[in-house]
Amino acid sequence: GQQVMQIPQYQHVQEGEDFTTYCNSSTTLSNIQWYKQRPGGHPVFLIQLVKSGEVKKQKRLTFQFGEAKKNSSLHITATQTTDVGTYFCAGKAGGGGSYIPTFGRGTSLIVHP
Amino acid sequence: DSGVTQTPKHLITATGQRVTLRCSPRSGDLSVYWYQQSLDQGLQFLIQYYNGEERAKGNILERFSAQQFPDLHSELNLSSLELGDSALYFCASSDGTGVQPQHFGDGTRLSIL
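Residue numbers (the working numbering), protein chains in the order written: chain A, 1 to 113; chain B, 1 to 113.
Treat the hints with care, since some could be wrong.
Partner residues aside, some chain B positions facing chain A, computed with beta carbon under 7 Å [as the list claims (entries may be wrong)]:
| no. | residue |
| --- | --- |
| 1 | P8 |
| 2 | G28 |
| 3 | L43 |
| 4 | G52 |
| 5 | E53 |
| 6 | P70 |
| 7 | G98 |
| 8 | V99 |
Derived from the structure by calculation, the hints contain no laboratory data.
Cβ coordinates follow ideal geometry from the N, Cα and C atoms, glycine included.
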């Protein structure tokens, strides 16, 4: 079945440093979604990418979707303590049926002040 | 606040017992999804309902069942509980079945003693 891998599993950074998490799929994806889950919280939708090579920005966050639509990345510039949490990518291979994305295991970001 | 309501927030019970988790989707959303989140398995999709009908099934055990009622709220029934069922159970909703963001509730933390 479809697999979505995320690396790294954990990332410790000093406040102000940059952070990147990578998402790789075993199959071509129709789209990719990114979610953030704060400690003790629930996943919150951040963004969705659909087009090959697409890049989207949200303030200090930059999201990319690979040209082959099999990988994606989330880059945070100058991390802040409010960025702490686990970042999940979720995607589904193309085809019909309900949109049920496969979630990656997530990357937990720990920001040290 | 995602608009998705889950009850109860915490549930402690014993092996062999049966519990019911409840979810009210965001106003206007017709799709409800159930997920299980555990430390070693990440976010696992269980089942999806759309407007009262089952639309997709994931890694849901036969001991588990769900339904969506005419008022669109959903219940997840877990029976013959085992220690390994201890996890965080999330409900999410979206307004359709296509490629859309999912809005997650706060989850129900189930602890089996």
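Can you name, in rising order, the numbers of the hints this structure does not satisfy?
Result: hints 1, 2, 4, 5 and 6 break, sorted rising.
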